[in-house]
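Engineer: Under the working numbering, the sequence shown has 76 at position 76, and the numbering climbs by one with no breaks.
Please keep in mind that the hints were generated in silico from the structure rather than gathered at the bench.
All C-beta atoms in this analysis are idealised placements derived from N, C-alpha and C, irrespective of residue type, glycine included.
Treat the hints with caution; some may be incorrect.
[Claimed, not checked] With beta-carbon atoms standing in for the labels, derived distance ranges:
# : residue 1 : residue 2 : range
1 : Asn32     : Val5      : 17 to 23 Å
2 : Gln1      : Lys86     : 34 to 40 Å
3 : Leu11     : Gln107    : 32 to 38 Å
[What the hints assert, rightly or not] Lysine-lysine pairs mimicking DSSO-like chemistry, simulated, CA-CA at most 30 Å apart:
# : residue 1 : residue 2
4 : Lys64     : Lys43
5 : Lys86     : Lys43
6 : Lys86     : Lys64
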Amino acid sequence: QVQLVESGGGLVQPGGSLRLSCAASGSIFSINAMGWYRQAPGKQRELVATITRAGSTNYADSMKGRFTISRDNAENTVYLQMNSLKPEDTAVYYCTAPTPARRYWGQGTQVTVSS
Numbered sequence: 001q002v003q004l005v006e007s008g009g010g011l012v013q014p015g016g017s018l019r020l021s022c023a024a025s026g027s028i029f030s031i032n033a034m035g036w037y038r039q040a041p042g043k044q045r046e047l048v049a050t051i052t053r054a055g056s057t058n059y060a061d062s063m064k065g066r067f068t069i070s071r072d073n074a075e076n077t078v079y080l081q082m083n084s085l086k087p088e089d090t091a092v093y094y095c096t097a098p099t100p101a102r103r104y105w106g107q108g109t110q111v112t113v114s115s
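Can you build the whole structure from these sequences, using the hints too?
Structural biologist: Spelled out as structure tokens, the structure:
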């Protein structure tokens with residue numbers, strides 16, 4: 001079993017920044033890649049970014065240049081730095097960790113971009 005706990009969401013004005021964190025615990029030896037997805041009201045969950053244990057990253061096109069994913073393997077934590085936030089970035093952001101057995105999800109953290 002893997003547990004993922006997100007933190008760092010909140011309300012921010014357009015153009016602002018937020019940093020999300022996701023701490024993994026449990027059977028972390030089974031985790032290679034970790035990542036972030038988001039789900040806005042009435043929309044499907046979509047990929048934000050992923051990062052492997054070695055540090056290789058992948059971003060959705062709309063997040064490139066604004067979002068940065070990083071990882072601290074020693075702390076079993078993955079981060080998402082979000083800059084130049086837009087109202088359309090408003091969503092629940094979920095941390096995820098696929099393993100050979102199954103994909104794990106955190107409980108989600110709300111990000112609201114509004115003036």
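Engineer: Decide, hint by hint, whether the structure agrees.
Structural biologist: Going down the list of hints, with the structure as the test:
1. Asn32 / Val5: 17 to 23 Å: The hint (17 to 23 Å, Cβ to Cβ) holds, given that asparagine 32 and valine 5 are roughly 19 Å apart.
2. Gln1 / Lys86: 34 to 40 Å: At roughly 36 Å between Cβ atoms, lysine 86 and glutamine 1 fall inside 34 to 40 Å, so the hint holds.
3. Leu11 / Gln107: 32 to 38 Å: 19 Å, violated
4. Lys64 / Lys43: Roughly 20 Å between the alpha carbons, so the hint for lysine 64 and lysine 43 holds.
5. Lys86 / Lys43: Roughly 17 Å separates the two Cα atoms, so the pair holds.
6. Lys86 / Lys64: With Cα atoms ~13 Å apart, lysine 86 and lysine 64 stay inside 30 Å; holds.
Checked against the numbered hints above, the structure violates only hint 3.
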